[in-house]
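Asker: So the protein lines, in turn, are chains A and B.
All residue numbers for the first sequence refer to the numbering used here, where the first residue is 7 and numbers rise by one.
All residue numbers for the second sequence refer to the numbering used here, where the first residue is 7 and numbers rise by one.
No lab work stands behind these hints: they were computed from the structure.
All of these numbers come straight from a predicted model, not from anything done at the bench.
Each hint should be verified, as a subset may be incorrect.
Identical copies carry no separate label here, and so any pair may be met within one copy or between two of them.
Lysine to any residue pairs mimicking SDA-like chemistry, simulated, CA-CA at most 20 angstroms apart [said to hold, decoys possible]:
1) K195 to D311
2) K118 to G247
3) K195 to Q306
4) K257 to E226
5) K195 to E94
6) K29 to Q312
2 protein chains.
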Amino acid sequence: VAKKKQERASGPYAIGMDLGGTKILAAVISSEGRIVAEAKLKTKPDEGPEAVIGRMEQAARNAVQKAEIEWKDVLGMGVGAPGPVDPESGIVYHPPNLAGWNEVSLGPRLAKELGVPVFLENDVNLGTLGEHALGAGQGTRDMVGVFVGTGVGGGLILDGELRSGYRYAAAEVGHMIILADGPVCGCGKRGCLESVASRTAIDRDIQLGIAAGRESLITELTGGRLNRLTSGVLAKAWHQGDPLVTEILTKAQWYLGLLTASIVNLIDPEMVIFGGGLVEALSEELLAPIRVTARQYFIQQAGADQVRIVAARLGDYAGVLGGAVLARRRSGEKPIVAKE
Amino acid sequence: VAKKKQERASGPYAIGMDLGGTKILAAVISSEGRIVAEAKLKTKPDEGPEAVIGRMEQAARNAVQKAEIEWKDVLGMGVGAPGPVDPESGIVYHPPNLAGWNEVSLGPRLAKELGVPVFLENDVNLGTLGEHALGAGQGTRDMVGVFVGTGVGGGLILDGELRSGYRYAAAEVGHMIILADGPVCGCGKRGCLESVASRTAIDRDIQLGIAAGRESLITELTGGRLNRLTSGVLAKAWHQGDPLVTEILTKAQWYLGLLTASIVNLIDPEMVIFGGGLVEALSEELLAPIRVTARQYFIQQAGADQVRIVAARLGDYAGVLGGAVLARRRSGEKPIVAKE
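Starting from the given sequences, assemble the full structure and let the hints guide the process.
Answerer: Right under this line is the structure:
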């Protein structure tokens, strides 16, 4: 895992930034991929885009100040935002968890205010890039990231490069259809992976079970407040052998195994990386059955063991590290917005 | 569709060859991508690999003779074989429909006998390459081919290049899981696309319906011999409004729409091409509902119309044309087997 203030941390530096629904994380990252300093601010999305953009700038300035570096030593900033985004123009469209954002020209705005080139990407794509360059996926050529949270997001690395897709809509692994005509998904369709194996689906099934009178430690562990059902609580119930949680997580593992097989049967990558709170809380206990199911469903069994199915390593820092990688790679090529 | 003896047909020439379970098709193809001459021989796979390889050589020689060209003007040969194959070594592993083939060193053998560089690929990959370079996919950057036959095969073009995958196992779209725990598939698992929307699945459902006493024109159209259920017969029954065929094809269309959405939500290509006998027999009548369902399930609706979902154009010639394209591209790079 990335640590602060490593021994070697030389410039030029890049800033990585992750715009989440609840917090903004900015970090100054050295040419070795080390986090030199970080700064965190609340997003407060209800205050609207202008206020949020102001706090993003402030987070970047705070990180640079903490790092005790000069802005002239910052080669650029890579920003992950909830999709859909357009990496070419730096525009954020209508992210579901950033109400009021409507084609916000985020990249150009930040570039103008901060005076450095800014490169925008979908947040999950950026996390995948971070894991590929500096985390669990180092050295792989083709890799797919799967991040299990409220939804299930993904990222695609092919030939060592992040692939955003023709419409910048690639790697939406949560909306691959795995159970045709299955449960209704947040997207309004049915049977997407997200409708059967996201935290939303898991929480829904636990709540339905409890509402129907099934006994579970979850009631006690959350003090009856099921909206406090964190990944940590799920892990605790699982470790104590809670039957409801065991059943529902086992089902999710099975579906995540089928998803992995669908991805592998289409792309045949070298590695599939799983991240997100639940993966962090249960790690190998969650992954082992996913791996078994997935490999059963690989159509080509030859070399099935060579396709590694592993846990992400960078946790909450995947996005900012990916941002720094993006800024470093792209600034050598064609920045979205030239430094003014 | 590709035609023989076009106006312009200059060398150097490439040979494209398609090794099927029932026939071997070889063609001499000009530098303009025109078929100058073709030759066909039966595969007779029961006679074993040696006899089949002998007939492949003969087919190539026949095509060269018919084309009235010299072997010195042939830059190489691209061969499509049923997978799994290893394009690097030219080895064919254990194709289900070529009994007795067990790690046959097909590429090197043909190269040695014919004295030209030989490039081997999975047959469906090669058909996709043909459609991309010379058929419906011309000019696209990222494209996915879906070929609906006994099974459902696919091919993947990214950045204009054929992608075989880390284990040469990419684009097995027939084994993406679309209905978890659904019908048993030919691969032994459940709920793969192939188990609900291949010709095998369609034929199975029609036979089950008829066996259960449902009325259908199929009995009359096949003279009661349901093993004569061709794509042409299905098309005829569909055009006459046969309720059993209509219901079963409608279901297949729905699943193929979901498959297309799964592919698009993962890769976000510019185009998805559908080929195979059923697509050729029904064309737009088959494709239109697939397109509608697919687009409904795209997670990113912006630009949904820009993702083209179209019929393949090259029919039975996709493979040999793809073979010529492969030979032409690779001979400029690194041939599997150098000319001896």
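Asker: Please sort K195 with D311 into within, between, both or neither, judging by C-alpha distance up to 20 angstroms.
Answerer: So K195 and D311 pass the 20 angstroms test across copies only (18 angstroms; inside, 34 angstroms).
Asker: Please work out whether the CA atoms of K195 and E94 approach to 20 angstroms or closer within one copy, between two copies, in both situations, or in neither?
Answerer: neither (29 angstroms within a copy, 42 angstroms between copies)
Asker: From the Cα coordinates, with 20 angstroms as the cut-off, is the pair K29 and Q312 best called within, between, both, or neither?
Answerer: Neither: 38 angstroms inside a copy, 35 angstroms across copies.
Asker: For K118 vs G247, is the C-alpha pair at or below 20 angstroms within one copy, between two copies, both, or neither?
Answerer: neither (54 angstroms within a copy, 63 angstroms between copies)
Asker: With 20 angstroms as the alpha-carbon cut-off, assign the pair K257 and E226 to within, between, both or neither.
Answerer: neither (23 angstroms within a copy, 46 angstroms between copies)
Asker: Under a CA distance limit of 20 angstroms, which applies to K195 and Q306: within one copy, between copies, both, or neither?
Answerer: For K195 and Q306, only the inter-copy Cα distance (12 angstroms) is at most 20 angstroms; the intra-copy one is 30 angstroms.
Comparing the model with each numbered hint stated earlier shows that hints 2, 4, 5, 6 do not hold.
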